[in-house]
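Asks: Could you build all of it, start to finish, from the sequences and the hints given here?
If you read the protein sequences in the order shown, they are chains A and B.
Per the numbering used here: the first sequence ends with 397, consecutive numbering throughout.
Per the numbering used here: the second sequence ends with 368, consecutive numbering throughout.
Calculated directly from the structure, the hints in this document are not laboratory data.
We treat Cβ as the ideally placed atom computed from N, Cα and C, and that holds for glycine.
Errors might be hidden in some of the hints.
Far from chain B, by Cβ distances over 12 Å, these chain A residues were calculated [claimed, not checked]:
#, residue
1, V42
2, N103
3, I152
4, H155
5, E236
6, D247
7, T258
Here are some chain B residues pointing at chain A (derived, C-beta under 8 Å) [claimed, not checked]:
#, residue
8, V193
9, L198
10, A220
11, Q223
12, P263
13, E264
14, P267
15, G269
16, R271
17, P312
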Amino acid sequence: MLEIENLVTRYRVTENGEKRHIDAVDDVSFSVDEGEIFGLVGESGCGKSTLAQSIMGILPRNGSIAGGNIRFDGRDLATISEEEMRKVRWEEIALISQSAMNAFDPVYTVGEQIREAIEVHREMSRKEMDARIAELFEMVGIDSERAEDYPHQFSGGMKQRAMIAMALVLEPDLIVADEPTTALDVISQDTILHYLEELQRETGASILLITHDMSVVAELCDTTGVMYAGKMAEVGPTEKVFLEPLHPYTMGLKHAFPSTTDRDADLISIPGSPPELRGIADSCRFASRCPFATDDCRSISPQIESYGDSDHTAACIRIPELGADELRRRASDATTWHKELPAGLDGSGDSPEWERGETEGSP
Amino acid sequence: MSTLELRGVSMDFPQETGLSAILTRNRTFVKAVNNVDLTVDQGEIVGLVGESGCGKTTLAKLAMRIHDVTGGEITLNGRPIDDLGRKEFYREVQMVFQDPFKSLNPRLTVREQLLEPLRVHDIGDRERRIRESLEFDRLSPPEKYLDKYPHELYGGEKQRVSIATALILEPSVIVADEPVSMLDVSVRAGVLGILKDLARERDTAILYISHDIATVQHVCSKLAVMYLGKIFERGPTANIVETPGHPYTERLFSATPETDPTGDRERVVYDKTVPDPIDLPEGCFFKDRCAFANDACDDEDMSLRPPADAAPDGEHVVACHRSVNGEIDFTELDDYNPKGRHETRTKESGTSPTDESDAPRE
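Replies: Structural data, given as structure tokens:
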């Protein structure tokens, strides 16, 4: 349904009068099947929101797609005209963003704004539109009488649910949800995730869910992709990615994230910070923070390959060398990440880069 | 003796400040904090959790003397904080803010940042204190950081410098309001580890305020659950998490997603939002959203008392008569609605606009 192939999204920046470019999304490939919920996780600056903007064709002025394809329903969204894209947007692909709840205009009622969105794309009578809005409000648990209320009369969670209703009004095939619940409390979040799941089940739409919250992905998504510094680090069925992660970064994230089922487990932070995307040489981008990195990791850009199962892929040259089981065993030990490794364990003999501390490269 | 103690503390914010309100003397108040008792002892990390608008940040500001209480009393080591000079007070109580990008002065280096509180309080031996503070914060070697400006630091490092500025006076109390919510997941654990070390090694009393239920379970030894300005439940973390007494606590914790992809947690669904804090219902504030509510809930005074099956130490207390009388069986939630959800009740009740208006942000 949505197939992204070797996508490169580039930002032009001017620094000290010098023109440069940054590839915020660099050679990323994955696909979202029909009716699938695909979760994309990563930290701030990993390129996940740029990816969403690339799909929607709403990149800022200094951003552009510099390579690769975004195949959707027989077309390549990376190359189609703005006019064609306008038809795809909302009608075929809808976006729910983190600040979506603040996207309502305060001087019009919520209903008026949804009707306006319908009128742009469809010919419908007022009666038909109101019936459609009532039906959608019902689906997201808002009393249909409230359609003629103003946005300030809604709570944050209700606004976000109304936004979901608005996104679905034209029955899109794909919903791109970029941090849809990040600004909300757990109960509002759970309510919204419930309706998102129900709607997905009823309409059969695919969802690309972008978030930094591992637990939301664990519960909701069929497939999980993990992004790091503009690259896809790992993709696979959610259960495999969480229970048998392949990439050391995924393992690190898993141990850094608090679990509600195992309260006593120590949280382990990943040392260091994501690298500068500017002028990155050929290397694994996680190498500076990875306890398993060798000289090869710092000189070869790893390709994403499948290990074990054909649908579970990761970009790490240490997987065939050490074995995923061994990597997982070592990664679960806090001392692997935060203390000197015993000599020889690393295999390469040289001191791992992470030892040099966090400020490798200036931010 | 408790290091920080809040007794019957209230904070009412006047709602109408317009001319008509003044002329008619018809002022309404938002009870942001409503008769709260809470203590934080040495070496303890007490987590205050609740949804946005529940009053937890206002409570932090009261503890920091940013606002003055409109009712009740706050004491520090047994002395009312109003009796202490501001300088004396802030020597003992320091705050860690949510946003390290805003809480550091962009024009000061790390060294200057850390020198400032020492100058204000006229404390000597400054170089040693600065080094120790940074090292405790795992910013070592200190030389690497001393001459850097905030923009040269990463998010996690910034928050640790921010903590270092709070620690340099060696306060006995730290109030931390959402200290990691702005940070990336991969560096949060480092900051949380520092807070744990502080409690363990320096016996610091820490009040940790957050809406992140999963994190507080890892960090805090005790928890207090707040709803509409009231503490609904309080006690050791294990008791609150494993045997919650209040139906609200149970819902709040049940709504927290799990990292286990094979888990089968039921989602918590509330179509109806929190009541208007200006026009609060009679009796229990949660009764309209509660699956266990009965007529007696109209008379609930929300005082904290031990639930029916609690240990006799009196540490675990709850503001619910049904829990106190042992009338709550959370497994009933499954029978209440086939999906274990509250849709039936919430859809029937409440259609007036004020019912669903958002709780105001403080």
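Asks: It remains to establish, for every hint, whether it holds in the given structure.
Replies: Now the hints, each set against the structure:
no. : hint : result
1   : V42  : holds (24 Å)
2   : N103 : holds (30 Å)
3   : I152 : holds (24 Å)
4   : H155 : holds (28 Å)
5   : E236 : holds (15 Å)
6   : D247 : violated (7 Å)
7   : T258 : violated (8 Å)
8   : V193 : holds (5 Å)
9   : L198 : holds (6 Å)
10  : A220 : holds (4 Å)
11  : Q223 : holds (5 Å)
12  : P263 : holds (4 Å)
13  : E264 : holds (5 Å)
14  : P267 : holds (4 Å)
15  : G269 : holds (7 Å)
16  : R271 : holds (7 Å)
17  : P312 : violated (23 Å)
Violated hints for the displayed structure, listed by number in ascending order: 6, 7 and 17.
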